[in-house]
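A.B. asks: Each chain, written out:
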Amino acid sequence: MSAPLVLGVSFGYLLLLFAIAALADRRAAEGRSVIDNPLVYALSLGVYCSAWTYFGSVGEAAAEGIWFLPIYLGPMLAMLLAGVVILRMIRIARTYRITSIADFIASRYGKSPLLAALVTLITVVGIVPYIALQLKAVATGYQIMTAAPADSGALVWWRDSTLYVAMALAAFTILFGTRHLDSAERHEGMVAAIAFESVVKLGAFLAVGVFVTWGLFDGPADIWARAAVLPELRALARLGSGTGEGGFGHAQWFALVVLAMLSVLLLPRQFQMMVVECVDERHLKRAAWVFPAYLFLINVFVLPIAIGGRLIFGMETVDPETYVLTLPLADGARALALFVYVGGLSAATGMLIVETIAVSTMVCNDLVMPALFRGRGFGAYSGRDLTGLLLNIRRAAILGILLLGYLYFRMAGDAYALVSIGLISFAAVAQFGPALLIGIYWKGGTRLGALGGLIGGFSLWAYTLMLPSVARSGWISADFVAHGPWGIEMLAPERLFDLAGLDNLTHALFWSLLANVGLYVGLSLWRAPGARETSQALLFVDIMKRGDAGEAPVFWRGRARIADLEALAVRVLGDERGRLLFAGGQAGQSTGHGAGPLADAQLVDRVERQLAGAVGSASARVMVASVVEEEALDLDDVIAILGEASELRAANEKLKSLDQMKDDFISSVTHELRTPLTSIRALSELMLDTPDMDEAQRAEFLRIVVGESERLSRLVNQVLDMAKIESGQAEWHNSDVDLGALIVSATGGMSALFAERGTAIALDLPPAVPPVRADADRLTQVLLNLLSNAAKFVPEGRGRIEVSLKIAGDSLEVRVRDNGPGVPSADRAHVFDRFRQGGDALTRPPGTGLGLPISRRIVNHLGGEMWLESEPGEGACFGFRLPLPPAPEGEKK
Amino acid sequence: MPHTRFSLGLWAAAALLFNFPLILIWDRDVTVAGLPLLPVAMFVIWALLIVLLAFVAEARPARRPPPSG
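Here the protein sequences come in this chain order: A and B. The first sequence: position 692 = 692 (full-length UniProt numbering), numbered continuously. The second sequence: position 56 = 56 (full-length UniProt numbering), numbered continuously.
What the hints contain is simulated information worked out from the structure, not anything from laboratory work. All figures in this text were calculated on a predicted structure; none of them were measured in a lab. There's no promise every hint is true.
Claimed, not checked - Facing chain B, a subset of chain A residues (Cβ under 8 Å, in silico):
#1 Leu77
#2 Gly83
#3 Arg286
#4 Ala288
Stated by the list, open to error - Label pairs and their calculated CB-CB ranges:
#5 Tyr441(A) / Leu52(B): 23 to 33 Å
#6 Ala650(A) / Leu22(B): 48 to 58 Å
#7 Leu22(B) / Leu499(A): 52 to 62 Å
#8 Leu52(B) / Trp442(A): 22 to 32 Å
For every residue, glycine included, the Cβ atom is placed at its ideal position computed from N, Cα and C.
Start from the sequences, fold in the hints, and give me the full structure.
C.D. replies: Spelled out as structure tokens, the structure:
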């Protein structure tokens, strides 16, 4: 195929991506987001399938059979935990405006700039080979399509199309990744383009799969029937094929599954797509199964293509990694081959675009910005708008990463198969696993532990995996790998401490993760964390307990002038968005003392979070600290702030429930007021309309009207009474009161009511009791309340109420016991609350729900207490105790 | 949280099914409908897991809305 055609199609495809991204950006600006959709989200996760999947899987399957599979089973396992682990990551990132994996880890351990820089460095070192892999795939694809000589080394660099692909991609990425500074670091257009790429590569791979299986052969069974005759192909369907030693390397299988499971969470592009670009965390539910289904589909035809390719090409020296292109080409299906080539291009470009955006954000926020602040001091940048600077750093970083990848590809690309390069990168990012995944569940993890774990794990990764691969490329002596440094066999990179019998990847993964987890946990337990680490650990680990950030405690104390904060926000976020933060007017402001209005902790926290979205949390911390005067918090302060926050929460809850009770009360009071009012009005109207009503009837009606009016005034009096007692304005006329006599007169007053309902009343009074100091009228009110309350609940006709009085120590105790149904245990705690009435609204006897609360307040005012003793089914017993006045001095012995 | 517990259970089951020694069960020289047993078994288990996951995810109404901002 002619080079101009292939080149034209390639750039045409990039232009199409460009158009899609531009359209999505425009739609987003109009508020009609195309990516606010669970399917688009799931497809965008398909960026996991890079050129490695597209070309490498078939190569791996052709050589090792079923062993290509663990890399896709791992993500299946990870997505089974989507609702547990990924949801938590998304919520943390959204709440604290975290925009990269470096930022995430650094934030968790007290916004440590050192940790952010370390994670960024590991990512860059680990990811460059992976970038090279994609470029290599694009270059190989191009060579095959144009049938150019396979020896890329002979190409002069300026004639190398790969370089131009890298440049074109850099331009594309810069245009869509760094057009404007978004404090959530979201890229609508880019996500839409990636989702489209996922569709293209799946379609192309399925097309070539169908072509090979049913075009070149007669279905999968036919392929296998022909392959089963050949022993070396027959072995591809067995596990033993992967080890080369006959046995099944189960350690390697397990290592690959674990590695893939970690990678799908920790690769910069996966973190970007899954966590940062997540529009709505509800999308995760569907994506959790659509994404594995996508992986399933793209893998179904891997074995048929691989085995089919080996059957067709047999002894010919065709690289199995190119089967998807060479099989259609060999059969003359040029259009299909071109489509497949575009699919491969989409797999490679998708990975390159997202990975470079993610890594450039990290390089800018966590490596370059802190270095700038440190080098010349933040003051050197005061007064300058930083948005342009930030964007330019990112653009340079994107270009730099792609060029580094290109350099690696030119120097070492040919020495390795795609799969081995990819696995080296996977093992590098797997080092983030302990610090990130344990850190979001375990509050005890510390900055020191994370640093130690990362450094230990990364060093061992470099020594046991990276170094041997470099040696194999011929840059350093291979002796080093075979016999260890200085001939010390025990330190041989691929047999560390003579641990033999594992393949080099499993070996490296074992040692590096062992050192990583060991150092992380060990160092975390060794030294207690500082205040900021503790506060961040609390915010991260408890994220699921809070609805949103508004309820989270703010660990900040100090003095900050709003004007300073606003100037900072405007410089970093730009004029419009910076001012928007303070648009709330007086909100978040506390009283100033001459120096202009001061910001409260919530406002400082809000500004810092917005800045963190743009420059990373570690840099945001430094910036905010540079414009405010803040107190250094120690561990006690953190605990104190946490305590205040939970007190505040408790107070808020109490307030809410009081509010609810007030509403209930108003509706209950209006209901109670309406019933008598309705009957008064109805009867009065009836009498007005019927002038010739007979006298007895009229008298009866008037009696009811009077009774209902009394009920009304009683209700209003009680409400007023309650309000007075509550506000302390009630008048008290205290005198010496004989409680026994009071009880006798109160029960006497009620006797008519008791007799009417057939209720028996029994008094148990001592012959004489000392007087108490009290307001006799109010005490009578208490007794009447208790008695009428009891009378309401006793069974009709056989009710029994016992009133007892006795001297208990230095006080008098009164009990009113009835034989009603008692108080259900659920209501027992609330009987003395205002506006609560026993029983449900339909069956309970009429009342205001104020009798008991008023009684209790009166008793409390007199220095006593009131309580309820009740067992369900045994009736209720309300009691109260009043203190006896201290005996006069003279009578004491 | 029944959803979480189900996810964890499914995860544990998948981790066992996809690993030594359970996958050795399928590692034999047998064909199913003309296809080798091991790949068929792996893909069938995989598909079943996806279906189960889809069933849990789609059966329950969406949980609490995300925090705004």
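A.B. asks: Which numbered conditions among the earlier hints are violated in the structure presented, ordered from lowest to highest?
C.D. replies: Hint 7 alone not satisfied by this model.
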